[in-house]
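Student: Listed below, chain by chain, are the residues.
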Amino acid sequence: MATLTPTTASGATAAVGPMVYVDPARVHPPTTFEELIGDSGLNGPFIADLLSDMLAHERAGSHLYRSVHGRTLNPVLESQYEHFGEETQEHVATLEDLIATLGGDPQYVSAAARATEKSGTGLVESTYLLGGSVDALTRELVMLEAVFLAEAKDHANWEGLGQLAPLLPDAARDPVAAAVEKVKTQEDEHLTWARKTRGQLVMLQAETPAPPPAITPPDELIERIQQMLA
Amino acid sequence: MAFNPLEEAGIPVEDQFRSWSELNVDPYDKWDVDPYTRTRVILMNGIEVESIIFSHQFARQTDDLELKQRLALTRRIDQQQQKVVNGLNPGEQTPLETTIGYEQVAVDLTAWLARHEPDPQLKVALDFALLEDFDHLYRYANLYELLHGGKADALTQHLTEIMPGRPTFVEHRHPYDDVRPHFETHTVDPLSRMHVMTIVAGEQQTMNFYMNHASDWIEPIARGLYSEIAMIEEQHVTHYESLLDPLDSWLANWVFHEYNEVYLYSSMMEQETDRRIKAIWELHCNMELGQLQVACDSMRRLEGREPAELLPPSIPDTPVTFEPNKEYVRQVLEATVDLRTDGTEYVPVDELPGDHRYFAMQKLLNDGGTPSEMVIDQNREAQGREYRDEIEGDHPIAELQDTARS
Numbered sequence: 001m002a003t004l005t006p007t008t009a010s011g012a013t014a015a016v017g018p019m020v021y022v023d024p025a026r027v028h029p030p031t032t033f034e035e036l037i038g039d040s041g042l043n044g045p046f047i048a049d050l051l052s053d054m055l056a057h058e059r060a061g062s063h064l065y066r067s068v069h070g071r072t073l074n075p076v077l078e079s080q081y082e083h084f085g086e087e088t089q090e091h092v093a094t095l096e097d098l099i100a101t102l103g104g105d106p107q108y109v110s111a112a113a114r115a116t117e118k119s120g121t122g123l124v125e126s127t128y129l130l131g132g133s134v135d136a137l138t139r140e141l142v143m144l145e146a147v148f149l150a151e152a153k154d155h156a157n158w159e160g161l162g163q164l165a166p167l168l169p170d171a172a173r174d175p176v177a178a179a180v181e182k183v184k185t186q187e188d189e190h191l192t193w194a195r196k197t198r199g200q201l202v203m204l205q206a207e208t209p210a211p212p213p214a215i216t217p218p219d220e221l222i223e224r225i226q227q228m229l230a
Numbered sequence: 001m002a003f004n005p006l007e008e009a010g011i012p013v014e015d016q017f018r019s020w021s022e023l024n025v026d027p028y029d030k031w032d033v034d035p036y037t038r039t040r041v042i043l044m045n046g047i048e049v050e051s052i053i054f055s056h057q058f059a060r061q062t063d064d065l066e067l068k069q070r071l072a073l074t075r076r077i078d079q080q081q082q083k084v085v086n087g088l089n090p091g092e093q094t095p096l097e098t099t100i101g102y103e104q105v106a107v108d109l110t111a112w113l114a115r116h117e118p119d120p121q122l123k124v125a126l127d128f129a130l131l132e133d134f135d136h137l138y139r140y141a142n143l144y145e146l147l148h149g150g151k152a153d154a155l156t157q158h159l160t161e162i163m164p165g166r167p168t169f170v171e172h173r174h175p176y177d178d179v180r181p182h183f184e185t186h187t188v189d190p191l192s193r194m195h196v197m198t199i200v201a202g203e204q205q206t207m208n209f210y211m212n213h214a215s216d217w218i219e220p221i222a223r224g225l226y227s228e229i230a231m232i233e234e235q236h237v238t239h240y241e242s243l244l245d246p247l248d249s250w251l252a253n254w255v256f257h258e259y260n261e262v263y264l265y266s267s268m269m270e271q272e273t274d275r276r277i278k279a280i281w282e283l284h285c286n287m288e289l290g291q292l293q294v295a296c297d298s299m300r301r302l303e304g305r306e307p308a309e310l311l312p313p314s315i316p317d318t319p320v321t322f323e324p325n326k327e328y329v330r331q332v333l334e335a336t337v338d339l340r341t342d343g344t345e346y347v348p349v350d351e352l353p354g355d356h357r358y359f360a361m362q363k364l365l366n367d368g369g370t371p372s373e374m375v376i377d378q379n380r381e382a383q384g385r386e387y388r389d390e391i392e393g394d395h396p397i398a399e400l401q402d403t404a405r406s
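Chains as they are written, first to last, in the working numbering: chain A, 1 to 230; chain B, 1 to 406.
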């Protein structure tokens with residue numbers, strides 16, 4: 001089962017940073033992947049950190065999908081968030097398996113992963129901390145934009161890994177290429193859907209004369225949201 | 001004691017309000033009370049104050065009506081809990097007597113946490129500040145005798161020794177040297193996280209208490225001593241709060257606060273000897289379980305995270321315990337009394353270069369006399385000796401032994 005939040009119970013390890021102290025028993029050794037990378041000239045520790053970063057992003061994505069799935073008022077969006085959330089959780093498992101296959105530690109949280117987790121938390125927070133500033137209709141857009149931004153980075157992550165695969169020694173190339181192959185189509189679909197749906201929502205609102213949401217009775221507004229994309 | 005707070009419903013928050021008459025509890029008797037009941041009251045007051053301050057800070061980050069209302073609701077309950085806990089302190093207990101209680105908390109809480117701290121670096125942080133609070137108890141005890149003729153051991157009942165620690169006048173560092181590296185939130189032992197949150201709350205309460213009570217006094221020596229030690233408590237809050245990982249979200253921090261309060265109230269309940277006060281700890285534990293459910297529900301709904309992902313499966317089976325730590329404090333004194341800080345490192349004072357900012361701060365702040373030294377001199381002059389309660393023998397550091405007595 002995929003780990004969505006690494007902890008001591010799941011066996012988390014981390015790297016020491018300028019202001020980050022890690023219990024010596026839980027310090028991640030910085031030389032991971034050196035053997036696997038061999039004489040390819042690639043930077044093994046960087047790739048280990050990169051995969052940890054990608055994993056942190058998928059984990060944050062799982063939380064984001066759970067959050068927006070539970071709060072959207074639109075049945076089309078709700079259904080798609082649930083579906084993509086399930087696939088994102090599968091991507092977490094895929095990355096964990098890949099890292100383990102490469103001899104790495106899926107419970108390792110790199111410095112880059114910490115930064116990514118912070119931005120992921122900020123993205124989710126942007127959908128609710130200012131909940132009182134936005135009407136229900138705008139909130140739908142804010143949540144969808146968070147999904148779009150997350151999927152844009154996610155897509156770039158897998159695209160980058162795909163570019164890296166041919167440069168890897170044989171033992172690493174195949175599992176990386178297989179993981180990319182398995183996930184890439186879904187990532188294409190996630191990003192394409194998020195971009196397209198965001199555009200649709202924007203155009204729908206721009207082209208549909210209606211009173212401003214702020215003065216629309218809540219029931220009517222909810223009905224408008226529920227009927228969007230139908 | 002071990003149980004999973006996530007599986008306990010507790011008292012629903014909406015049912016937790018109490019009337020004024022219920023909040024206006026009878027205080028304990030200051031001469032009959034078990035000193036560790038007094039320390040439990042002081043600690044849990046600080047824990048509630050931290051919870052309230054945290055909730056206010058969180059509320060200022062959001063305009064989401066439902067979230068703000070949930071914070072307002074649980075915070076109002078926290079305020080009621082704080083009134084009950086702090087109301088246990090009797091009016092006849094003077095601020096200086098309460099202060100001696102605060103320092104007994106600081107010594108025996110910090111020492112207990114250090115003894116049970118699994119992370120070596122966090123243990124060093126606790127030991128470092130322990131010796132400073134240990135010294136504060138000695139300074140205030142002398143003020144107590146000087147101003148009131150009172151013996152602090154009547155309050156501490158010899159459970160905690162009273163003698164010099166790392167002398168207060170040497171504790172004044174440059175602010176840059178109070179900042180420490182933080183633990184990493186994924187890899188930190190859940191017990192360590194709770195230790196740090198607990199000591200931050202305790203030190204913050206002490207800082208606030210001294211900040212507000214320095215002006216209670218007419219006597220310049222008392223005003224000066226409270227101000228001086230309040231500044232060390234500022235240093236301690238800086239020291240301890242920097243151990244917390246800033247990666248955790250607002251909602252995660254809310255959940256951690258409630259979880260820690262469950263752990264602490266259940267700890268206090270387990271060891272309380274006063275049946276009436278034990279019932280308060282039990283009630284508040286059940287209230288915290290209800291508040292934890294609200295925080296967890298908010299986390300699930302807004303952040304899409306299951307609290308079980310980041311919380312341990314049960315609270316630690318070792319309750320936070322107030323008990324004597326005399327031998328431990330003596331060991332730490334012998335080993336580390338000469339430590340200072342240089343940036344984020346702990347170093348022996350004789351390894352600091354002569355032009356280090358530490359010495360510049362020392363010169364600047366201690367120029368014209370230091371209240372923490374003056375109080376000992378004045379009490380020695382008044383009584384013919386200074387006040388100490390050395391139960392386990394002479395002070396382990398030769399330079400800090402009572403020369404007037406020997």
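Since the hints were made in silico from the structure, they are not lab data. Among the hints, a few may not be true.
To be verified - Examples of chain B residues toward chain A, derived with CB under 7 Å:
| # | residue |
| --- | --- |
| 1 | R115 |
| 2 | S249 |
| 3 | D297 |
| 4 | V349 |
Claimed, not checked - Simulated crosslink set (SDA-like; lysine to any residue; CA at most 20 Å straight-line):
| # | chain 1 | residue 1 | chain 2 | residue 2 |
| --- | --- | --- | --- | --- |
| 5 | B | K278 | B | K123 |
| 6 | B | K68 | A | S126 |
| 7 | B | K123 | A | S126 |
Positions of the beta carbon are idealized from the N, C-alpha and C atoms, including for glycine.
Student: Would you mind marking each hint as holding or not holding in the structure?
Tutor: Verification of the hints:
no. : hint            : result
1   : R115            : violated, 17 Å
2   : S249            : holds, 5 Å
3   : D297            : violated, 11 Å
4   : V349            : violated, 23 Å
5   : K278/B - K123/B : violated, 30 Å
6   : K68/B - S126/A  : holds, 15 Å
7   : K123/B - S126/A : violated, 37 Å
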